[in-house]
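J.: Based on these hints, arrange chains B, C and D on the given structure of chain A.
If you read the protein sequences in the order shown, they are chains A, B, C and D. The numbering used here numbers the first residue of the first sequence as 1 and each following residue consecutively. The numbering used here numbers the first residue of the second sequence as 316 and each following residue consecutively. The numbering used here numbers the first residue of the third sequence as 755 and each following residue consecutively. The numbering used here numbers the first residue of the fourth sequence as 1056 and each following residue consecutively.
Be aware that one or more of the hints could be misleading.
Under the rule of at most 16 Å between Cα atoms (straight-line distance), these lysine to aspartate or glutamate pairs were calculated in the EDC-like manner [claimed, not checked]:
| id | chain 1 | residue 1 | chain 2 | residue 2 |
| --- | --- | --- | --- | --- |
| 1 | D | Lys1251 | D | Glu1084 |
| 2 | B | Lys525 | A | Glu233 |
| 3 | D | Lys1251 | D | Glu1130 |
| 4 | B | Lys525 | C | Glu1025 |
| 5 | B | Lys525 | A | Asp128 |
| 6 | D | Lys1218 | D | Glu1297 |
| 7 | B | Lys438 | A | Glu149 |
| 8 | B | Lys732 | B | Glu503 |
| 9 | B | Lys455 | B | Glu435 |
| 10 | B | Lys569 | C | Asp758 |
| 11 | B | Lys401 | A | Glu147 |
| 12 | D | Lys1278 | D | Glu1297 |
| 13 | B | Lys587 | C | Glu886 |
| 14 | D | Lys1236 | D | Glu1226 |
| 15 | B | Lys726 | B | Glu371 |
| 16 | B | Lys542 | C | Asp895 |
| 17 | B | Lys745 | B | Asp709 |
| 18 | B | Lys542 | C | Asp758 |
| 19 | B | Lys525 | C | Asp985 |
| 20 | B | Lys401 | A | Glu266 |
Honestly, the hints are just simulated from the structure, not real lab data. Quick caveat: nothing in here was measured; it's all calculated off a predicted structure.
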Amino acid sequence: MMMIRIGIAVAVAACLALGLAVPWIKTTVIVGVCYALAALGVTVLLRAGQISFGHAMYAIIAGYTVGFLARAFPQLDGLVLIFAGTLSSLLAGAVIGLFVVRYRGIFFGMLNLAISMVLYSLASKLFDITGGSDGLRITRPALLGYEFERAGFESAMLVLTLVCALVLGWWVQRYFKSAAGEALAGVKTNETRLEYLGLSTYRILWNGYVLSAGLVGLSGSLFAVVQGLVTPELGYWLRSGEFVFIAILGGASHVLGAFLGTFVFECVRLVAAAFLTGVWQMLLGITLIVVILTAPSGIAGLLRLHTIRVARQTA
Amino acid sequence: MQASVVRVLIAVTAAFVFANCADAQGAKPVELKVGITTFTSGAASVFGVPAKAAAELWVEDFNAKGGLNGVKITPVFVDEGLGGEKFLSEYRRVVQDQGVKVMLASISSGDCNVVAPVAEDLKVIDIMWDCGTEKILEDKRYQYVFRTTSNAVTEMVAAAVHLLRVKPDFKTIAVVNQDYAWGRDSWEIFRNALLALKPDTRVVAELFPKFGAPDFSTEITRLQALKPDVIVSTAWGGDLDTFIRQANQRGLTKTSQFVLPLAESSLERLGKSIPDGVIVGMRGDAYFADPDFKSDAKIKAFVQKFHAKTGAYPIYPVSHVVQALQAVVDAYTVAIKANKGQWPGTDQVADAMRTLEFRALSRPIKIRADGQALQGQLLGVTKSVPELPFALIDQLTLVPADLVTTPVGQKSPEWVKTLKSDLVKSDRIKIVGTPVVTK
Amino acid sequence: MNLDLLVLALADGLSYAGLLFLVALGLTLIFGVMGILNVAHGSLYAFGGYTAASLSGIAIQWDPSTVLLLACLPAAAIVVGVILGAALEIGLLRRVQRGDAVVPLLITFAAFMIFEDLQKLLWGTSPYSAPEVVTRLGTIDVAGGTFNCYQLLLIPGVALAAYVLLEFFLKRTNLGKQVTAVTHNREVATALGINAKRIGLVTFVLGAVLGALGGALAAPTTSLLPGVGTDTIVLSFAVVATAGLGQITGALIAALLIGLARSVAVYMAPELEVVVPYLIMVIVLLVRPNGLFAIAQARKI
Amino acid sequence: MNPLVRTEALKLAFGGVVAADGIDFVLHEGERLAVIGANGAGKTTFINICTGFLKPTSGKVYFDGRDVTNLVPREIVRLGLGRSFQLPQLFLDHTVRQCLELAAAGRSNKLGWFAPLSAVVNAGEVDHALELVGMRERANDPASTLPEGQRKLLDVAMALMLKPKLLIMDEPTSGVASEDKHELMATVMRALEERKVTSWFVEHDVDIVSRYATRVAAWIAGKIAADGPPAQVMASPQVRREVLGIS
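With the rest of the complex left out, here is chain A (with noise of 0.2 Å):
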């Protein structure tokens, strides 16, 4: 336990430490970290055993509110926003959960991709009000009342995101350890056990669904204040794919997975963009192959931060 803290400090001091001292990888700390929140949201279900192809449209339903409130309130705190955002994405994934748990496996992802199409679908062509492929752009808001410049806003951004994504990483876990999670867990191995032992399958998924929507919505809200613009690419479902990809890389026995997932994604993605330009999705395809055939429990699993070897140490 005390290797993964010291790990986990390390790491979030060298993103504060990279994004403070160049400036443009700045953006690029705070992007990965968004995509790793959205895969955590993926994680979630994951340990549920399910699989979402269509999870990038709570990023678009939180982005879209944001975009939408900056329009009609300027003088909206970026804080506010991103709270509101989030929040549009809970009220989403607690409606659209209702439907989509009663089903499993290829269903339930591919119902999820269906609604999201339907979602992007609107984005791209209600033109009139999303403003259609170019998206809504948000202007630079304040931050806690501070009017900050560029570089400033970006700094405190980046110390958001990280403290974002430490607290609810934090908090993530516990969840996974919680008797809620460990039920979660149950929904993956045996749905029967769970309704004979007097619990909803259908309610302990619910939960695990609409905390999903949350954790990508926070990251849409996130993503869409830091960049100042909302596009319907966000909620894109090859956008979804990346997520799951990110979390089958990373593993769902660990917190920790979404943020190594994502982080070996973006190191494959850099090398492909600077060596390999115009093969990057091709290298990709090939990790994740390689990662199903020879690591199925992914990056988390093969560091064996497994539930049952820490549950043994601590027990």
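T.: Only chains B, C and D this time, still in chain A's reference frame:
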């Protein structure tokens, strides 16, 4: 755990906080890095890939001739196809990490929108080398943002004017545009201009099939039922190819007059799939077979080299990127002169840009105080010739930019509505040279 | 909307539905037999289209007959389907355990990413097309509109023929009956001496050829661009899910439903055109969780 | 004695097969019912109906005096029913201890989001259950590593964590080596005794039935053919012929 994290954070943050270096001025650099954002993937790579080839060709040529006072230009390409946030971080990386002083960005209006405020913050010269949206420079005065080509207003008003010159007595019109910002905005301008110039025009259908639509059958059927006199489309790339091909196959091009202001970029791919007599144009006034420059050695050589390198004739994005590069070196030359031979700082180059007059692959272009260039528009009709496997543009007409561009300080939506019908009869709008083929 | 317009809308929808059905047919066949949802199916569509365009481009230099030009299309589909289908099945899908539906889903997603870039490496990013054959087949007038014979007659014809042939294959031929047996119960079929591995390969290749055929038939009327596969897979999944996974006749009806609804939407509510297929799917699944034509299966404990 | 389970004219038919054919049945508190019958006679189907997993075509089911015909399993479980399965239903990714902890958490039906699972359940209670089924040593092993016999025991132990009034066990000794069967049943029965739980188990082994049951019901083709004290039912010629296969 929290305590240890916080301690490390504070220590490292403190260690890394430092001030930014000021923009150096005076010393001649080893090289001038010019960032060029272009689509090398995605649908718009039909523009991006030829433009990139052209930029490489032009820079190679320029460096071979000694560069800018001995300073060679190094192009740094960024793929717009990466999409939103990746594109923006790449843009910032090349500016903040690789020390690029001038950015040529970009093809997509959406990308131009995103990077303009960033460029202003980063104090880097941002040249909108291809995107057409007039809103950026009208909504806000920028110090470092310029456009070296015509904008959407110039292009659309010119197209409307030209349509009225070629076919003055039509009644009904329909539009089929791609469903994204360009498709919507360009139609908005075209329609308002047309209604101002010819108020009795009736718009019978406004169709916006999705961007990248694989099939236009339904739209074509609907147009067949409506039988509009004129069908206009500002679509481009694969979408335009598909639309024209299907419309031609189903005889729609025979019953309605097509107006395709961007079709120059599709002609070579379309081959014989586009009939004669379609009104086509390009964004700008640079056409590889322009009779005015038949004997211009520089342009001729470029066209030949480009054809040898890519196997295709230059299309308008090619001239756009060359224009932007030419503007950069001319602005630097002016600024160096003004700086008494010393290498200029970014602000001095920006000042030079603001009043620049330059010439690339066509007629002279002038940059206005708001950073917008005035470039005339060429339009004509398709005509197939035996010498080439694709259609040429015949009866080229040049519409001067100042006639059809919103004046500095005015907003286009209002200005377009004030257009008067006598604009169409202006004697400054002229047919260029003699018709391409004389037989 | 008057009757004439409705006829026109139906005529448009028919051709669209035909292509949609061919792709969906391959997808649903593979799912029915192997329990795999092939995300790379869209790439097969794209490869089929590009190959057909290239092949037609080569053929056209010899000034071939219309029949030969037409033959380029299925030929391209067979080449692509056999090579890529077999490579996917033997190279990847056999290596993962069966039973879990999610792992093959991810594997084919990875394959899809690889194919996307491979396609760009092979054909670049310029639009490809093969329009000659459409021009050769001429036009036909229906209810005041002019249609291509190719789109109005040939594509729906081929789609219908594919449906009839597939039904015949599955119900009347020996190999087809084995495929059906594996669909119903893999264990029992294996116990009866059917080589389920071979059947899997046959099915996958057949499904891949159908997907590629969809692309090949689209090549003469559309412009192929990077990304065509992406939209195709999502759309054909919508058809398959609406029908019920593994339902062949259901897919035919669902493709018609979605194709016609889409073209009617272009007339009535163009804003909804793109959303219509997904809306239909979501609504159907909300009412009938396993699709319109699926047969519910009891859970065992 | 209080009737714990009661069914009225319970009928279930799928397709042409009648799996439960108008069954009137009462189970009283304190009874230890053994159900015998050939495969496909309807034993498990009857359990599935009584526990809400299957809905009957017609008829009524009462549990502890309440009509539960239209309730789902978890609602009936919450009324005081526990069930173990022929194929043990465990959380294979969890440890033995976690399985029991989840069961204990299930009883309270309050799934916290923050406190660790082990902290919200009574550790002594879990320890006791582990002790009872003799799996102290294996508490932190994944359930997937257990041999079949221990899986069966864990399955039963999880059901018992709910502190049910009635425990239904579907073939608790199937798949267990015959020399271990008695030990397993002894362990289970000890636990049931200790907690005063009424039990109902499906069993094929005549020895076990005679030794542990206070009542036997013999199932034949969707009907209860004989019901009464073990000696009496086992002596019935029809049961001997059609269920036990002794002529």
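J.: Which earlier hints turn out false for this structure, listed by number in ascending order?
T.: Of the numbered hints, 3, 6, 10, 11, 15 do not hold.
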